[in-house]
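Engineer: Please build the complete structure, drawing on both the sequences and the hints.
Number of protein chains: 2
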Amino acid sequence: MAGLEGHIVKVKSWDVRFPTSQEAHGSDAMHGLVDYSCVYVQIFLESCHLIGCGLTFTCGRGNEIVKHCVDSLKPKLLGQKLSDILGAFGEFAHSLANDNQMRWLGPECGVLYLASCAILNAIWDLWAKVEKKPVWLLLCEMSAQKLVNCGIWKHLTDVMTPQQALELLQNVASDPEEVNKRISHVKENGLQSYTTACGWLGYTDDYMSSKIKSFMEDGWDSFKIKVGVNIEDDIRRCKMVRDLIGEKGRLMIDCNQKWEVNEAIEWVSQLAPYGLYWTEEPTHPSDVIGHKKIRDGLRHLGVKVATGEVCSNRVMFKQLCSEGAIDICQIDCARVLSINELIPILLICKKYNITVCPHAGGVGLCEMVQHVAAFNYVRVAPETNPDNPVLVEHAEHLAQHFEIELDCTGAAYRLPTGEGVGYSTTMKDESLVKYSVSMSE
Amino acid sequence: MAGLEGHIVKVKSWDVRFPTSQEAHGSDAMHGLVDYSCVYVQIFLESCHLIGCGLTFTCGRGNEIVKHCVDSLKPKLLGQKLSDILGAFGEFAHSLANDNQMRWLGPECGVLYLASCAILNAIWDLWAKVEKKPVWLLLCEMSAQKLVNCGIWKHLTDVMTPQQALELLQNVASDPEEVNKRISHVKENGLQSYTTACGWLGYTDDYMSSKIKSFMEDGWDSFKIKVGVNIEDDIRRCKMVRDLIGEKGRLMIDCNQKWEVNEAIEWVSQLAPYGLYWTEEPTHPSDVIGHKKIRDGLRHLGVKVATGEVCSNRVMFKQLCSEGAIDICQIDCARVLSINELIPILLICKKYNITVCPHAGGVGLCEMVQHVAAFNYVRVAPETNPDNPVLVEHAEHLAQHFEIELDCTGAAYRLPTGEGVGYSTTMKDESLVKYSVSMSE
Numbered sequence: 001m002a003g004l005e006g007h008i009v010k011v012k013s014w015d016v017r018f019p020t021s022q023e024a025h026g027s028d029a030m031h032g033l034v035d036y037s038c039v040y041v042q043i044f045l046e047s048c049h050l051i052g053c054g055l056t057f058t059c060g061r062g063n064e065i066v067k068h069c070v071d072s073l074k075p076k077l078l079g080q081k082l083s084d085i086l087g088a089f090g091e092f093a094h095s096l097a098n099d100n101q102m103r104w105l106g107p108e109c110g111v112l113y114l115a116s117c118a119i120l121n122a123i124w125d126l127w128a129k130v131e132k133k134p135v136w137l138l139l140c141e142m143s144a145q146k147l148v149n150c151g152i153w154k155h156l157t158d159v160m161t162p163q164q165a166l167e168l169l170q171n172v173a174s175d176p177e178e179v180n181k182r183i184s185h186v187k188e189n190g191l192q193s194y195t196t197a198c199g200w201l202g203y204t205d206d207y208m209s210s211k212i213k214s215f216m217e218d219g220w221d222s223f224k225i226k227v228g229v230n231i232e233d234d235i236r237r238c239k240m241v242r243d244l245i246g247e248k249g250r251l252m253i254d255c256n257q258k259w260e261v262n263e264a265i266e267w268v269s270q271l272a273p274y275g276l277y278w279t280e281e282p283t284h285p286s287d288v289i290g291h292k293k294i295r296d297g298l299r300h301l302g303v304k305v306a307t308g309e310v311c312s313n314r315v316m317f318k319q320l321c322s323e324g325a326i327d328i329c330q331i332d333c334a335r336v337l338s339i340n341e342l343i344p345i346l347l348i349c350k351k352y353n354i355t356v357c358p359h360a361g362g363v364g365l366c367e368m369v370q371h372v373a374a375f376n377y378v379r380v381a382p383e384t385n386p387d388n389p390v391l392v393e394h395a396e397h398l399a400q401h402f403e404i405e406l407d408c409t410g411a412a413y414r415l416p417t418g419e420g421v422g423y424s425t426t427m428k429d430e431s432l433v434k435y436s437v438s439m440s441e
Numbered sequence: 001m002a003g004l005e006g007h008i009v010k011v012k013s014w015d016v017r018f019p020t021s022q023e024a025h026g027s028d029a030m031h032g033l034v035d036y037s038c039v040y041v042q043i044f045l046e047s048c049h050l051i052g053c054g055l056t057f058t059c060g061r062g063n064e065i066v067k068h069c070v071d072s073l074k075p076k077l078l079g080q081k082l083s084d085i086l087g088a089f090g091e092f093a094h095s096l097a098n099d100n101q102m103r104w105l106g107p108e109c110g111v112l113y114l115a116s117c118a119i120l121n122a123i124w125d126l127w128a129k130v131e132k133k134p135v136w137l138l139l140c141e142m143s144a145q146k147l148v149n150c151g152i153w154k155h156l157t158d159v160m161t162p163q164q165a166l167e168l169l170q171n172v173a174s175d176p177e178e179v180n181k182r183i184s185h186v187k188e189n190g191l192q193s194y195t196t197a198c199g200w201l202g203y204t205d206d207y208m209s210s211k212i213k214s215f216m217e218d219g220w221d222s223f224k225i226k227v228g229v230n231i232e233d234d235i236r237r238c239k240m241v242r243d244l245i246g247e248k249g250r251l252m253i254d255c256n257q258k259w260e261v262n263e264a265i266e267w268v269s270q271l272a273p274y275g276l277y278w279t280e281e282p283t284h285p286s287d288v289i290g291h292k293k294i295r296d297g298l299r300h301l302g303v304k305v306a307t308g309e310v311c312s313n314r315v316m317f318k319q320l321c322s323e324g325a326i327d328i329c330q331i332d333c334a335r336v337l338s339i340n341e342l343i344p345i346l347l348i349c350k351k352y353n354i355t356v357c358p359h360a361g362g363v364g365l366c367e368m369v370q371h372v373a374a375f376n377y378v379r380v381a382p383e384t385n386p387d388n389p390v391l392v393e394h395a396e397h398l399a400q401h402f403e404i405e406l407d408c409t410g411a412a413y414r415l416p417t418g419e420g421v422g423y424s425t426t427m428k429d430e431s432l433v434k435y436s437v438s439m440s441e
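Residue numbers (the working numbering), protein chains in the order written: chain A, 1 to 441; chain B, 1 to 441.
Be a bit skeptical, because a hint or two may be false.
[As the list claims (entries may be wrong)] Have a look at the derived ranges for each label pair, beta carbon to beta carbon:
| hint | chain 1 | residue 1 | chain 2 | residue 2 | range |
| --- | --- | --- | --- | --- | --- |
| 1 | B | 270 | A | 176 | 43 to 51 Å |
| 2 | A | 23 | B | 400 | 55 to 63 Å |
| 3 | B | 419 | A | 296 | 50 to 58 Å |
| 4 | B | 143 | A | 246 | 51 to 59 Å |
| 5 | A | 352 | B | 84 | 42 to 50 Å |
| 6 | B | 232 | A | 146 | 31 to 39 Å |
| 7 | B | 221 | A | 353 | 45 to 53 Å |
| 8 | A | 84 | B | 231 | 26 to 34 Å |
| 9 | A | 266 | B | 438 | 46 to 54 Å |
| 10 | B | 231 | A | 353 | 34 to 42 Å |
| 11 | B | 157 | A | 49 | 55 to 63 Å |
Worth flagging that the hints you see were computed from the coordinates, not collected in a lab.
Even glycine gets a Cβ: it sits at the ideal position worked out from N, Cα and C.
Structural biologist: Next comes the structure, spelled out in structure tokens:
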């Protein structure tokens, strides 16, 4: 294919900021008011009109630092042939964040990871555009061996070797007709979602209530609200939501890492009578052992433990899964090393029977996550556990800035089709011009 | 004291690079050739001639990103009164890296942490200069309550509350005369050190051998060498060092995170016959459970497990200690949130009876670490375990660029005294001018 043989001739990076703090969208116990932002990367190939567009999300201040980091990584891209990158894509992805001098800035976390992720997301977008398929279909139709080649396996082999990953992928795809059925199923039915857009901490009770009613009218039955600042407020809000959504509705809570380990158990126990499906990010994201203690402390109440959206890297996920520290794994598409690192994470979740309910919201996360969730269903974990249904987060605030329309009709992600979809991350030119504060090329 | 009431009126940040790759200093299995660098921060007070000087270390490329981050954090300093910062120093330190929007860039790791650390190190240096004491003595003479106020306790209370920390500190300092004796002891005898400056991976056998002989003549009996690329080379090098240093000498190895968990056990088992005191950073630094597996797998060989130099934050150290994943904790003075985060880490090590053998080398790390090691001996862990002696790393390459002379005569850190010492991090003006590639103010 023509594009694959092209060399990367230009990489543009943009610092894009949306003033979401004006309306309290995104407000929670740890972050207060935030301005949803992203570093947006465009990769240009020689003699090819296609542009690879990728991004990573931030909460506003500091976005410029991630952009600086993207700029420092550009020499690793310029002059490279796309097919060379894709031929050993897993190794390339790992090496991007493991430059022998720069890796000290992580290792494998933080700014260096966010910046590398934005670049890798742009490469996935470009690859899919060259192949004229959306990323989700590119992944669903990819051979098991190629998927393994795209993955990063370093430091995981005590729980999963590339060979074991290959076998797992081959087993799940052993019947090609079954795979095609799943693809058709996901095309027709979409991916069940839950919404967070009703329960930001800065919303009044009245506003929350009206949002929930409106989401219920649109088909949603699963809702997440932010908690963790004041227990009385939390009790009142949980009761209010439970009354609104009825016995069958799902209610999840999220304190965004605020609690101490023991405090989490005590606090959530007081809210459990309102019927909680999960408690999300109950404590520090690095605390594998703390999550395990919390999970053990809440099991008798039937409240599951979920985390992952700011989890640094695959080695942290490996431990969360192998130690039984979580029930629900919330992968994010803009923090670890793109799909290259998500492939092993999804497979490890599968091995330990952990349900993957991806994180979304922010800028562009809903757009990307539907691709990964569809792949996970078709090629990794097609069985559904009725006690732990897969729910993909939905919090649509800034979808209007993207070229490919996000469709969540009937509370289900309707997967995008068409040859220009890529990773759904192409931003509209007018949005880039209006909301970017700087650009380098 | 006059300086304490001063307001911060200016903060300068410098990107300083030393071309160490030309001589293979610092070369190891993960980093190859590196250029030791630092981001250097100077804090200026109104109407005060004292300058607070702090730094964080990096391996070269990417240093500019950390400097960008320092620049983005400057608004949190400018206009602040020093006494206000110090009055709630622990809270200030935590908040610096937990700005509600910027914390997404971590959380609590990577570039944001390195940059915050450089700033906090400069504040400690300034405080000590205002008090006319070196940092180590400032800490050794500080009340237990004040030390607790300087510490960061968030997300640690399942293993240590501030109250428990206070009681621990009070117990160790219950006899003031004993504390004074320890201060005198450390002044007279210094702190026993080991050297890494003999065993970089890029050194030839001959060069290594001549370095070791010369270090032995100067009094050293404990040596660390880099391993992890080729097992035959490692066997040859370990044998060579053992032959040189005799039965009583201590030999440590360090693969700088290169191995898989099971590979670490196999590789180290092959080197164990040469008598290894510890194996350092045997695998990914985020892998608490992996380190525990390795420790369990090597116990019968008598090889201890050490890690910590790139460990992200106190929550990772909490788990390494409470899970029994390490024998030796290698704190670093330029990665976590300065002494504010090291105080709880040292106390948690004490609680779990883990020996603290600080990491040093790079730029300025030897200079700082002696202060923290002396404090740890005098106020936290004065008992010495003959099986796990405290050894402070020494790898002096760039000491000539600092105003306060580093003295390791007789293989022991000789602690600096004098009112201008601060944290020993004041760089010489001529070095700054010669080796800095950019400066902002």
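Engineer: Take the hints in turn and mark each one as holding or not.
Structural biologist: Here is how each hint holds up against the structure:
no.: 1; hint: B:270 with A:176: 43 to 51 Å; result: 45 Å, holds
no.: 2; hint: A:23 with B:400: 55 to 63 Å; result: 56 Å, holds
no.: 3; hint: B:419 with A:296: 50 to 58 Å; result: 53 Å, holds
no.: 4; hint: B:143 with A:246: 51 to 59 Å; result: 57 Å, holds
no.: 5; hint: A:352 with B:84: 42 to 50 Å; result: 48 Å, holds
no.: 6; hint: B:232 with A:146: 31 to 39 Å; result: 35 Å, holds
no.: 7; hint: B:221 with A:353: 45 to 53 Å; result: 52 Å, holds
no.: 8; hint: A:84 with B:231: 26 to 34 Å; result: 31 Å, holds
no.: 9; hint: A:266 with B:438: 46 to 54 Å; result: 50 Å, holds
no.: 10; hint: B:231 with A:353: 34 to 42 Å; result: 37 Å, holds
no.: 11; hint: B:157 with A:49: 55 to 63 Å; result: 57 Å, holds
Violated hints are absent here; each numbered hint is respected by the structure.
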